[in-house]
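Chemist: Letter by letter, the chains look like this.
2 protein chains.
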Amino acid sequence: MKSKISKTAVVLLSGGLDSAVVLCLAQAQGYQCQVLIFDYGQRHKQEVACAVKITKASGCAYRILKINFPWKGSALLDQKIKIPKKITPGVPATYVPARNIMFLSFALSWAEVIKAGAIFIGAHAQDYSGYPDCRPEFFKAFVKMAKVGLAAKHRIQILAPLLNKNKAQIIGLGRELGVPFNLTWSCYRAGKKPCGECDSCHYRAKGFKEAGLIDPLIKR
Amino acid sequence: MKSKISKTAVVLLSGGLDSAVVLCLAQAQGYQCQVLIFDYGQRHKQEVACAVKITKASGCAYRILKINFPWKGSALLDQKIKIPKKITPGVPATYVPARNIMFLSFALSWAEVIKAGAIFIGAHAQDYSGYPDCRPEFFKAFVKMAKVGLAAKHRIQILAPLLNKNKAQIIGLGRELGVPFNLTWSCYRAGKKPCGECDSCHYRAKGFKEAGLIDPLIKR
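Read top to bottom, the protein sequences are chains E and H.
Each residue of the first sequence is one higher than the last, beginning at 0 in numbering that gives the first Met the number 0.
Each residue of the second sequence is one higher than the last, beginning at 0 in numbering that gives the first Met the number 0.
Just to be clear, a hint being listed does not mean it is correct.
It does not matter which identical chain is meant; a pair holds if it fits inside one copy or across any two.
Stated by the list, open to error - When the alpha-carbon atoms are kept at most 27 Å apart in a straight line, the in silico DSSO-like pairs for lysine-lysine are as follows: (1) Lys-143 / Lys-114; (2) Lys-192 / Lys-146; (3) Lys-52 / Lys-6; (4) Lys-65 / Lys-44; (5) Lys-152 / Lys-139; (6) Lys-143 / Lys-164; (7) Lys-191 / Lys-44; (8) Lys-164 / Lys-208.
Please keep in mind that the hints were generated in silico from the structure rather than gathered at the bench.
With the hints as constraints, model all of the structure from the sequences given.
Modeler: Rendered as structure tokens:
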């Protein structure tokens, strides 16, 4: 028996722009958000620090989940692999095998414990050109798996509200919602300002340009 | 394109009896096993220590993955929840929400990195009376999700070879395979000898009795 949907939500927050928009959107939709941040050996801790700042600005509660990965296999985990400077077709070097599967699994566990009715994730169209675990068919299959894999009697939705939006649309939505873009960090490198070279910087710059907005992180 | 099946396998090992049997079985089937052990804040570290001993006895390589759970919700993680003394119907207090989902997600990630063709897990019939993520329909759904969630071009099978066996059959199989039962630990409590009271002890004792064997952990 599935009871009525709880208005508590687990929100996966990376410190980047997309998940910050999702957090504000979930709040705007009336969800009481519990933010889940992963400290999983990313190249830089700036991402985690930004996620905490964004959460604090939102007034939501949060948990940081620390994972010590005993293997590498991605430019985001392994300092020896170079961050690609150009946008290339196919799976990027920054792909972390099964990352969303792992992150969503923890979100499921927490959602079951706190009886949350939804899990929010910031995956979007541009992601799934390269990352298999950002594709709509993946989320569909994950939901089916979760339905039979949990003891929870309440329904837990997996919501990826940006899935069909491009970066410019996400930034436009973020602007409407009052997302603190100045607290977000998209660059694959740490630093006082974004490198402007990695594909994440490329996408962010293109998005702001197309949305007709100025990125507060870029001095003019 | 799915290429031929790799004979490297990721084996999830808990330190208990079931996964020890699975490890020996995978080796007997010709797999080169890479053992994955989780240190996730279990009630006692004895489980992890036993898993390491079993792996060393097998001669396989292993990795310990440490996870700092920032929430509780199970008698296995929370010292405040009592370990049940009786076997009760339904989901037991020792259920850890989404545990197998999380563990298998990490196994998927590692399997993709090392191009393993299989993941072995020791789930079995008695488990799935209470734990939803031990049921055959869960594994079926997990496999479907993994197929669309990974970038891996090679096939990764999820194998739960004990799924239709009871404890006595598992112990019988372990005996044939030469499993070092003396190194395994099933009790939910730590100690010099098993408590003999928790449901895990009950099942183990019943299994040895039905298999007509003597548990090397129990002094007579």
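Chemist: Take the hints in turn and mark each one as holding or not.
Modeler: Results for each hint:
no.	hint	result
1	Lys-143 / Lys-114	both (18 Å within a copy, 26 Å between copies)
2	Lys-192 / Lys-146	neither (43 Å within a copy, 38 Å between copies)
3	Lys-52 / Lys-6	within (24 Å within a copy, 46 Å between copies)
4	Lys-65 / Lys-44	both (12 Å within a copy, 19 Å between copies)
5	Lys-152 / Lys-139	both (19 Å within a copy, 21 Å between copies)
6	Lys-143 / Lys-164	both (24 Å within a copy, 26 Å between copies)
7	Lys-191 / Lys-44	within (13 Å within a copy, 42 Å between copies)
8	Lys-164 / Lys-208	within (16 Å within a copy, 61 Å between copies)
Checked against the numbered hints above, the structure violates only hint 2.
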